[in-house]
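Novice: Just so you know, the sequences run in chain order A and B.
Residue numbers for the first sequence follow the numbering used here, so the first one is 48 and each next one is one higher.
Residue numbers for the second sequence follow the numbering used here, so the first one is 595 and each next one is one higher.
Quick caveat, the hints were computed from the structure, so don't treat them as lab data.
C-beta: ideal position from N, C-alpha, C; glycine also.
Heads up, a few of these hints could be off.
No more than 27 Å apart at the CA atoms, straight line, and that leaves these computed lysine-lysine pairs for DSS-like [unchecked claim]:
(1) A:K72 / A:K282
(2) B:K694 / B:K640
(3) B:K758 / A:K133
(4) B:K640 / A:K133
(5) B:K758 / B:K771
(6) A:K267 / A:K282
(7) A:K72 / A:K267
(8) B:K771 / A:K80
Covered stretches of chain B (chain A as the covering partner; in silico rule of three or more C-beta atoms under 8 Å from a C-beta of chain A) [claimed, not checked]:
(9) 691-703
(10) 814-827
(11) 891-902
(12) 935-949
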Amino acid sequence: MEDNAQVMITVDHLEARYGDTPVLKDVSLDVHKGEILAVIGGSGCGKTTLLRHMVGLRQPLSGRITIDGIDITNGDEASFALALQKIGILFQGGALFGSMTIAENVALPIETYTDLPQSAVNALVRMKLCSVDLRGYEEHLPSELSGGMIKRAALARALALNPQILFLDEPTAGLDPVISAEIEELILRINHSIGTTMVIITHSLNIIFNVAHRVVMLDKSARGVVAQGDPNEMKVSSPDPLVRQFFNRQTSLSKRQLWRL
Amino acid sequence: MNMRSPTVETARAKTEFYNVVTSKDGAVGIQFIGRIDHQVAAVILKMLLDDVKHRRPRQVTVDLNRVTYFDDFGVLILAELRNWLDENQIPFRLVQPPVKAAEILTLTNFDNMDLCAPLPRPKGNPMIVRLGDAAIRTADNVRHLVSFLGSVVLCMLHAARHPKSLRWGDILVLMQKTGVDAVPIVGLISFLLGLIMAFVSSLQLAQFGASIYVARLVALSMVSELGPIMTAIVVSGRSGSAFAAEIGSMRISDEIDALFTMGFSPTLFLAVPRIIAAVLVVPLLTLFSDLFAIIGGLVISVTMLDLTVSTYVDQTIKALDLFEFMWGLSKSVVFAALISWIACLRGFEVRGGSAEVGNAATSAVVSGIFLIILFDSMFAVIRSYW
Chain A
48 MEDNAQVMIT
58 VDHLEARYGD
68 TPVLKDVSLD
78 VHKGEILAVI
88 GGSGCGKTTL
98 LRHMVGLRQP
108 LSGRITIDGI
118 DITNGDEASF
128 ALALQKIGIL
138 FQGGALFGSM
148 TIAENVALPI
158 ETYTDLPQSA
168 VNALVRMKLC
178 SVDLRGYEEH
188 LPSELSGGMI
198 KRAALARALA
208 LNPQILFLDE
218 PTAGLDPVIS
228 AEIEELILRI
238 NHSIGTTMVI
248 ITHSLNIIFN
258 VAHRVVMLDK
268 SARGVVAQGD
278 PNEMKVSSPD
288 PLVRQFFNRQ
298 TSLSKRQLWR
308 L
Chain B
595 MNMRSPTVET
605 ARAKTEFYNV
615 VTSKDGAVGI
625 QFIGRIDHQV
635 AAVILKMLLD
645 DVKHRRPRQV
655 TVDLNRVTYF
665 DDFGVLILAE
675 LRNWLDENQI
685 PFRLVQPPVK
695 AAEILTLTNF
705 DNMDLCAPLP
715 RPKGNPMIVR
725 LGDAAIRTAD
735 NVRHLVSFLG
745 SVVLCMLHAA
755 RHPKSLRWGD
765 ILVLMQKTGV
775 DAVPIVGLIS
785 FLLGLIMAFV
795 SSLQLAQFGA
805 SIYVARLVAL
815 SMVSELGPIM
825 TAIVVSGRSG
835 SAFAAEIGSM
845 RISDEIDALF
855 TMGFSPTLFL
865 AVPRIIAAVL
875 VVPLLTLFSD
885 LFAIIGGLVI
895 SVTMLDLTVS
905 TYVDQTIKAL
915 DLFEFMWGLS
925 KSVVFAALIS
935 WIACLRGFEV
945 RGGSAEVGNA
955 ATSAVVSGIF
965 LIILFDSMFA
975 VIRSYW
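Taking the hints into account, I'd like the entire structure generated from these sequences.
Specialist: Here you go:
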């Protein structure tokens with residue numbers, strides 16, 4: 048975090064739709080270097096759509112997205128490839144390659160993008176797997192692991208080349224509280240030690256309050272950002288009742304209505 | 595992080611990555627400088643080890659206070675260096691690192707690296723054990739095959755008594771996919787086959803002035819033999835692989851387990867509709883195949899053998915009787931049941947990941963074609979003793 052003001056990702060007036068259904072409209076946001084940004088919002092509000100646009104998996108209808116100054120929406124193939132080298136993605140389901148062992152999954156980017164000798168690659172893979180607490184599972188296939196292990200192995204693969212920006216889609220969904228806490232700590236330590244910029248899509252209040260530096264909230268009816276800022280401030284002082292509801296885990300029913308149930 | 599190639603890095607003076615100082619008593623001090631990341635790790639690792647070995651150190655001290663960026667690729671360099679020093683019993687010392695580097699060192703267990711050492715690989719089993727394993731697996735496969743056959747038969751009987759338990763909508767869609775959509779390719783292949791047969795046989799028959807028998811030859815061989823086989827092979831390739839892949843992906847995404855826990859029989863829900871659809875449409879496809887092959891033969895006979903259309907048709911009708919048609923169609927019914935049954939079985943057998951789905955599709959087609967040929971030879975034997 049040498050320079051906090053440096054912008055790593057800009058999303059500029061993004062508009063996205065699936066077929067005829069508009070999902071995002073006029074969304075603009077900046078992610079600064081070394082920042083952990085949490086993207087939150089109810090189901091179906093376009094969080095994953097936003098992420099898929101930010102990593103170039105989908106082309107926006109209009110608007111511009113830059114990663115570390117590289118335009119990935121209108122740029123050429125070469126600059127897009129350059130941008131891809133700067134990012135790592137943890138997919139929601141892990142997306143490990145089923146025909147490769149865990150070690151091969153993690154080794155793949157390292158072997159491709161560095162000239163390290165095989166023994167050093169193996170040592171590095173063990174180190175990466177050790178840091179996500181998966182020692183001894185090198186030779187296992189993804190289908191032989193539990194959901195939490197797959198997520199941690201996928202995190203190790205996303206971190207293989209220590210990218211400058213890490214996108215995490217629901218990193219702790221479906222995991223037990225202990226492993227969730229471990230992953231949260233891991234995220235913080237990586238962010239702190241090597242200054243990785245992170246964009247986390249999440250529903251977890253733990254991540255929102257204990258990990259994220261800043262929160263962006265999307266909403267389905269607004270088709271865009273309804274609130275952003277420090278989560279602790281938003282919880283108490285947001286003018287939008289919807290936002291306070293989300294942070295305080297309230298339903299849309301009033302107390303009296305709940306009593307009647 | 596730009597796309598600097600390693601050769602360019604080598605050209606940059608090594609002093610940009612680290613300084614090495616040797617004092618009089620043989621102590622070597624290494625000071626890393628600047629950004630140590632995955633792009634320079636390979637170069638540094640090679641240069642540094644050579645450098646240190648060359649100096650024959652008595653002791654090595656590493657200082658990280660001038661690095662601007664340090665991650666686990668840097669830790670790797672330190673670990674490899676320390677490994678070499680340990681092997682040669684040279685003491686290694688790390689000067690108190692800056693906070694961030696220290697954090698990365700703890701995260702990767704640098705002080706306790708043997709924690710991350712590889713576990714001993716389990717030894718391979720002796721040959722007799724592997725042989726036994728293979729035998730048990732084969733027996734298991736056979737058991738699975740028989741039990742699936744039994745399950746299909748039971749479900750068919752159940753469906754016959756309770757026709758409402760079948761999903762007729764699914765069957766219609768499957769009939770369209772397996773049958774209607776296959777008409778163009780079956781038609782084209784059969785038409786060409788008819789052309790080829792007529793042409794090749796005419797080369798021989800014309801020598802005896804027996805060109806007129808081309809019509810009989812094409813009609814008989816298509817209706818009783820090649821029509822059912824060609825159609826079954828095309829359906830096995832088109833639909834058998836699709837059945838296996840679809841059921842296989844349902845298996846790995848737990849959809850089959852979901853069906854089971856909702857009280858459905860996966861066989862009744864998935865396999866029976868596919869088998870029924872195939873058994874209904876494959877004979878019809880076979881008729882199309884026969885028809886197109888006869889048209890193919892007709893084209894050759896009329897254009898190259900000076901036969902008239904009416905002679906050709908007349909000869910074809912004389913050659914065929916109802917028995918030949920029924921024989922061909924009953925074969926195609928058996929083939930349809932076999933290829934759809936084995937394809938569903940291969941789908942249900944999938945365990946593990948996406949690679950297994952591909953294997954299941956391949957295996958469905960291979961076993962399907964094998965069964966077609968096997969049963970066709972059985973039919974030939976039966977007919978010769980008729």
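Novice: Starting from K267 (chain A), check that the Cα of K282 (chain A) is at most 27 Å away, please.
Specialist: Cα-Cα ~20 Å, so holds.
Novice: Does K133 (chain A) lie within 27 Å of K758 (chain B) when you go C-alpha to C-alpha?
Specialist: Outside the cut-off at roughly 58 Å; violated.
Novice: Given the proposed pairing of K694 (chain B) with K640 (chain B), does the C-alpha separation stay at or below 27 Å?
Specialist: holds (25 Å)
Novice: Can the restraint linking K72 (chain A) and K282 (chain A) be considered satisfied, given a maximum Cα separation of 27 Å?
Specialist: holds (25 Å)
Novice: Counting residues of the region 691-703 of chain B whose CB is closer than 8 Å to a CB in chain A, do you get three or more?
Specialist: holds (count 7)
Novice: Has the region 814-827 of chain B got at least three residues whose CB is nearer than 8 Å to a CB belonging to chain A?
Specialist: violated (count 0)
Novice: Has the region 935-949 of chain B got at least three residues whose CB is nearer than 8 Å to a CB belonging to chain A?
Specialist: holds (count 5)
Novice: Hint check: K771 (chain B) vs K80 (chain A), CA-CA at most 27 Å. Holds or violated?
Specialist: Distance ~53 Å between K771 (chain B) and K80 (chain A) Cα, so the pair is violated.
Novice: Taking only the CA atoms, is the gap from K640 (chain B) to K133 (chain A) under or equal to 27 Å?
Specialist: holds (25 Å)
Novice: Take a quick look at whether K758 (chain B) and K771 (chain B) sit within 27 Å of each other, Cα to Cα.
Specialist: At roughly 22 Å apart (the allowed maximum being 27 Å), K771 (chain B) and K758 (chain B) satisfy the hint.
Novice: Taking 8 Å as the C-beta cutoff, is the stated coverage of the region 891-902 of chain B by chain A satisfied by three or more residues?
Specialist: Three-residue rule not met by the region 891-902 of chain B, so violated; n is 0.
Novice: For K72 (chain A) and K267 (chain A), compute the direct alpha-carbon distance and say whether it is at most 27 Å.
Specialist: holds (10 Å)
Consistency with the previously given hints fails for numbers 3, 8, 10 and 11, ordered from lowest to highest.
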